[in-house]
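Trainee: Here are the chains, one letter per residue:
There are 4 protein chains.
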Amino acid sequence: MSTISGETGQPPSAILLISCPDRKGLVASVTEFIATHNGNILYLDQHVDVEKQVFFMRIEWDLQGFTIPRASIGTLFEQIANRFAMQWSLHFSNTIPRLALFVSRLPHCLYDILSRYQTGEWPVEIPLIISNHPDLEAVARRFDIEYCFFPITQDNKHEQETRQLALLREHRIDLIVLARYMQILSGTFVSHYSHQIINIHHSFLPAFPGARPYHSAYARGVKIIGATSHYATAELDAGPIIEQDITRVSHKHTVEDMVRQGRDLEKLVLSRAIWYHIQHKVLVHENRTVVFA
Amino acid sequence: MSTISGETGQPPSAILLISCPDRKGLVASVTEFIATHNGNILYLDQHVDVEKQVFFMRIEWDLQGFTIPRASIGTLFEQIANRFAMQWSLHFSNTIPRLALFVSRLPHCLYDILSRYQTGEWPVEIPLIISNHPDLEAVARRFDIEYCFFPITQDNKHEQETRQLALLREHRIDLIVLARYMQILSGTFVSHYSHQIINIHHSFLPAFPGARPYHSAYARGVKIIGATSHYATAELDAGPIIEQDITRVSHKHTVEDMVRQGRDLEKLVLSRAIWYHIQHKVLVHENRTVVFA
Amino acid sequence: MSTISGETGQPPSAILLISCPDRKGLVASVTEFIATHNGNILYLDQHVDVEKQVFFMRIEWDLQGFTIPRASIGTLFEQIANRFAMQWSLHFSNTIPRLALFVSRLPHCLYDILSRYQTGEWPVEIPLIISNHPDLEAVARRFDIEYCFFPITQDNKHEQETRQLALLREHRIDLIVLARYMQILSGTFVSHYSHQIINIHHSFLPAFPGARPYHSAYARGVKIIGATSHYATAELDAGPIIEQDITRVSHKHTVEDMVRQGRDLEKLVLSRAIWYHIQHKVLVHENRTVVFA
Amino acid sequence: MSTISGETGQPPSAILLISCPDRKGLVASVTEFIATHNGNILYLDQHVDVEKQVFFMRIEWDLQGFTIPRASIGTLFEQIANRFAMQWSLHFSNTIPRLALFVSRLPHCLYDILSRYQTGEWPVEIPLIISNHPDLEAVARRFDIEYCFFPITQDNKHEQETRQLALLREHRIDLIVLARYMQILSGTFVSHYSHQIINIHHSFLPAFPGARPYHSAYARGVKIIGATSHYATAELDAGPIIEQDITRVSHKHTVEDMVRQGRDLEKLVLSRAIWYHIQHKVLVHENRTVVFA
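In order, the protein sequences belong to chains A, B, C and D.
Quick note on the working numbering: the first sequence kicks off at 1 and runs consecutively.
Quick note on the working numbering: the second sequence kicks off at 1 and runs consecutively.
Quick note on the working numbering: the third sequence kicks off at 1 and runs consecutively.
Quick note on the working numbering: the fourth sequence kicks off at 1 and runs consecutively.
The shape of chain A in the complex, shown without the other chains (with noise of 0.2 Å):
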């Protein structure tokens, strides 16, 4: 990762995401850490899953004064970490996250994203597009991004994941976004890139998985659709959700309305998810999320 100095000017804050099974003296370790080393926490959000009886905790805190220095931090809270058997995750809000863009045909998905990127409202850099199609490359042009088309055959499909692959180490990629891309990626790509895919699902899930989501909805004279953002996994429109939103829609709403109203709700959903995850805001304990939103 590399480490830019943020857009905003605010001075730089570390931020910790833990999970751990539940203790006492959990909370009073972790602040009691920042605390000795003259460290003020900004935010504190934990979560106790009662029944599995696991500790959930994004603590954040100011670098200012903080008498650790930067790279020491991680190695000084290993000795917490391993007494309570954490997993554990350390950030700094001044490193910008790099994502690539997955695209298919559809582009308000795309445009959104970009929009949001050249506008400075995300701290993030996009060195990249990739797509199974060539449509949107002109998209890419407009907003000087490099797009990488990859035709996809069922004979081609692996190899071509390969070379995507490469690709995304080559641009240091942190986040893969699927903004509607219309093909399914193998269990070995995700595994690559665990909780750091996020997909966007134009349905209710689990309502309509799969394909035609809105189509089914209108069939089965639903009046609500939705749309969903989740973490790819190796199974179809089944990883931990991370945003979910809907809107109402009437018998008055051909299949064709609702597509179109669906594309606001996609718009919405994909990028607060992107945007909780690029705060370090998201924590995936068996196929739930935790977002201390």
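Careful, some of the hints might be misleading.
[Said to hold, decoys possible] Think about it this way: if two alpha-carbon atoms lie no more than 20 Å apart in a straight line, the pair counts; the simulated EDC-like pairs of lysine to aspartate or glutamate are:
| id | chain 1 | residue 1 | chain 2 | residue 2 |
| --- | --- | --- | --- | --- |
| 1 | A | Lys-252 | B | Glu-286 |
| 2 | A | Lys-281 | C | Asp-257 |
| 3 | A | Lys-24 | A | Asp-49 |
| 4 | B | Lys-252 | A | Asp-245 |
| 5 | A | Lys-24 | D | Asp-62 |
| 6 | C | Lys-252 | D | Glu-286 |
| 7 | C | Lys-281 | C | Asp-49 |
| 8 | C | Lys-281 | A | Asp-257 |
| 9 | A | Lys-281 | C | Glu-256 |
| 10 | C | Lys-281 | A | Glu-256 |
| 11 | B | Lys-281 | B | Glu-121 |
| 12 | C | Lys-52 | B | Asp-62 |
| 13 | B | Lys-252 | D | Asp-62 |
| 14 | B | Lys-52 | B | Asp-22 |
| 15 | D | Lys-24 | A | Glu-32 |
| 16 | C | Lys-24 | B | Asp-62 |
| 17 | D | Lys-52 | D | Glu-286 |
| 18 | B | Lys-24 | C | Glu-32 |
| 19 | C | Lys-252 | D | Glu-51 |
| 20 | B | Lys-24 | B | Asp-49 |
| 21 | B | Lys-281 | B | Asp-245 |
| 22 | D | Lys-157 | D | Glu-235 |
| 23 | A | Lys-157 | A | Glu-235 |
| 24 | D | Lys-252 | C | Asp-22 |
| 25 | C | Lys-157 | C | Glu-235 |
| 26 | C | Lys-252 | D | Asp-49 |
The set of hints was computed from the structure by calculation and includes no laboratory data.
Using the hints provided, position chains B, C and D relative to the given structure of chain A.
Mentor: Quick look at chains B, C and D alone, frame taken from chain A:
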């Protein structure tokens, strides 16, 4: 049907519900029928299912000054109806529908409905509560309504349904409301009250049909839960949807929290569906509803 | 208005918008006019303001097989219109409206509108962007649209508006969209485009009119923020409301968070209002709108 | 306060609500206090108002195994509290709050609250209903609750409030709920129950304060109506907002329709505010609330 004058004091109106194959001149013929006999249209809602070429209409007009006597409207309208192969029904705003409530052990929908009844929010009569459990008899007594307990086993189900049907006929029931009634009605029973039985299912159908939907929603990690009101059909949780609504949940919500929040949702969604039905705003076509809300 | 064929490939339809004092026989007369000339009604929406006794109607019919030539429809309809003292306008579905966008420094609504334009979501032409700041010229260039910078001071405001009006006429503009334009238009300017200027205000009007609504919302401690799209009138933020929507906030939200969430709301609400307008679904009566959504 | 064991059967927990100037080491000190005495944290919610540099915390821990006896927790915690200049309160999950309901003529909120009470949804006692009208006495009797009628005129208001206060004290009331009580409480009265009186206002405040908000909403032509629950303060409709929600309306809605839809909104919003309050999830600071929902 009784024809007791409604509580509103407004002059009565007539309501025609129509569906038929779409043809030119439909609206003109119906509105001319009303205009010719000096009727003033209060509401006209019309919908064309373009895909299936079906026409739907709800038209309501003031009976004050209308030159056809109430009892002859149907006979005279039949000529137009036959010309266009219409399915139609005629209703009067001051006819009070008679409801039977079916309940099991959960009281929240029952209390909600009885409160609306008691405060005069709905122009209905509720002469009868039927249950497969004795638990809610005290609630019925609190509101001075007859409570009929029909314990149901695999062996006596057919017999008990026969007795229930007799009771419903005796009380001239127009609409059955399954207010969290946790017993599946037989296809035979349902066939006696086609599109006259409203059920509330505690999920956002078609997600999580069947038993324990909040548990399933929790396990899947959804960020939104819902409730669905639909006409009961022979197939469980598959009837035409009248109304749905949702509420947000997060990782903080246990199953019990979902159950608690869900109760408010169930009350709201069921009461809206009942409202639409008793206002004669719902038409059904091939398992989808047209709701002129 | 130009009459270039729309992008949908569907056969063109005609749309009548009508408002007049409520009388018996109104719907019958209009629908008979269409039926007599072999028109097939696609949509009919009708509303009676019972309190003010005003009748509103939007009726759309297929022009295929309609026996009156397009150019004569208005003339022939005028007889009915005069009989009922109707205010009316006639539109054709394949006429492409021409939009001018007014912007200042905030790019999010501009990007959103241009993306919808570029992807063909809206059947419109956008020949022109007008601004009181030079900041967003690069965005306009990215989408190959003319950007006209009119610096405005107290002294030159009248003169600049005169030049803007000339430019709008020259480009035959049908609809002006104030996409977060932070300069108040004069009453004179507004009077030239009555109900043809759509503004987006970043609050849930009538709460928090004027400047810095997110700051005021924060100070008041509201739990929900909103956005409002309305026709601009001489009085600031007081014109007829076309569309509103809201989003939840909590004590966690700083003013900056509200601004960030509000951007998505503003984009959505403005784009819906534009959509309703260009579909000829909005009628205005005494500062209230009828939106046949 | 009485300390009758709650209905849930769960072991009791302690809840600390804290607000104070933000300082380093706050969370560490509080959590260490609990950990040292063998307490297991169930929930920890913390918030820093960055602008005003105020720290808020709600911390709940299991009393099972906690080594400080219940009666001594406050005394021992005081040392930490003083060090950080904390405002704090200590609560126990199995203490049952005692509510008084104030009503006038509209029964819907009263029915809703009594139904929740009766079904055991809320762990509260409701010994008392107070009204300035005799109308709802029958409802109170239906639920076997004492109904005290205090007719109020300009002349007797002070005297009646004095008698009401005596009655509230006698019944050891912890929370007053104004369930559509249409009589303004004096500043003196309110001062006796600071942040212990919850009101429901039938608009989306700060829009439409005062009387007849639905009429004002209709006149302004808004597309969304709302309800607001807030703590009563000396200034009408200006107290700290606890909860708000909204529902869509359209040109089809008369004022009466808004009133009807609004009732459901009022019930929901008021009941959520009561729920947050009795769960000790609300902190107030300078007319804004922190709600750890």
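Trainee: The structure should be examined with respect to each hint, and the outcome stated for every one.
Mentor: Here's how the hints hold up against the structure:
1. For the given pair, A/Lys-252 sits about 16 Å from B/Glu-286 by alpha-carbon distance, which is consistent with the 20 Å threshold.
2. About 15 Å separates the Cα atoms of A/Lys-281 and C/Asp-257, which keeps this hinted pair within 20 Å; it holds.
3. Note on A/Lys-24 and A/Asp-49: the hinted pairing holds, with a Cα-Cα distance of about 14 Å set against a maximum of 20 Å.
4. A threshold of 20 Å between alpha carbons decides the hint, and for B/Lys-252 with A/Asp-245 the separation of about 18 Å falls inside it, so the pair holds.
5. At roughly 10 Å between alpha-carbon atoms, A/Lys-24 and D/Asp-62 fall within 20 Å of each other, so this suggested pair holds.
6. Among the hinted pairs, C/Lys-252 with D/Glu-286 is consistent with the structure: their alpha-carbon atoms are about 16 Å apart, no more than 20 Å.
7. With a C-alpha separation of about 17 Å, the suggested pair C/Lys-281 and C/Asp-49 falls inside the 20 Å cut-off, and the hint holds.
8. Restraint check for C/Lys-281 and A/Asp-257: the C-alpha separation of about 15 Å stays at or below 20 Å, so the hint holds.
9. Between the alpha carbons of A/Lys-281 and C/Glu-256 the distance comes to roughly 18 Å, so the proposed pair stays at or under 20 Å and holds.
10. A distance of roughly 18 Å separates the Cα atoms of C/Lys-281 and A/Glu-256; the hinted pair therefore holds under the 20 Å criterion.
11. Distance hint between B/Lys-281 and B/Glu-121 is fulfilled; the C-alpha atoms sit about 17 Å from each other, no more than 20 Å.
12. A threshold of 20 Å between alpha carbons decides the hint, and for C/Lys-52 with B/Asp-62 the separation of about 17 Å falls inside it, so the pair holds.
13. With a C-alpha separation of about 17 Å, the suggested pair B/Lys-252 and D/Asp-62 falls inside the 20 Å cut-off, and the hint holds.
14. Proposed proximity of B/Lys-52 and B/Asp-22 is supported: the alpha carbons are some 9 Å apart, at most 20 Å.
15. Pair hint D/Lys-24 plus A/Glu-32 holds up; C-alpha atoms about 10 Å apart against a cutoff of 20 Å.
16. For the hint pairing C/Lys-24 with B/Asp-62, the CA-to-CA distance comes to about 10 Å; that is within 20 Å, so the pair holds.
17. Note on D/Lys-52 and D/Glu-286: the hinted pairing holds, with a Cα-Cα distance of about 10 Å set against a maximum of 20 Å.
18. Between B/Lys-24 and C/Glu-32 the CA atoms are separated by roughly 10 Å; this keeps the pair inside 20 Å, and the hint holds.
19. The hinted pair formed by C/Lys-252 and D/Glu-51 meets the criterion: a straight-line CA distance of about 12 Å does not exceed 20 Å.
20. For the suggested pair B/Lys-24 and B/Asp-49, the alpha carbons sit about 14 Å apart, so the restraint of at most 20 Å is met.
21. For the hint linking B/Lys-281 to B/Asp-245, the alpha-carbon distance of about 18 Å falls within 20 Å, and the restraint holds.
22. Restraint check for D/Lys-157 and D/Glu-235: the C-alpha separation of about 17 Å stays at or below 20 Å, so the hint holds.
23. The suggested pairing of A/Lys-157 with A/Glu-235 holds, with an alpha-carbon distance near 17 Å, which does not exceed 20 Å.
24. Between the alpha carbons of D/Lys-252 and C/Asp-22 the distance comes to roughly 15 Å, so the proposed pair stays at or under 20 Å and holds.
25. Restraint check for C/Lys-157 and C/Glu-235: satisfied, since their Cα atoms lie roughly 17 Å apart, inside the 20 Å limit.
26. As the CA atoms of C/Lys-252 and D/Asp-49 are separated by approximately 8 Å, the hinted pair is consistent with the 20 Å bound.
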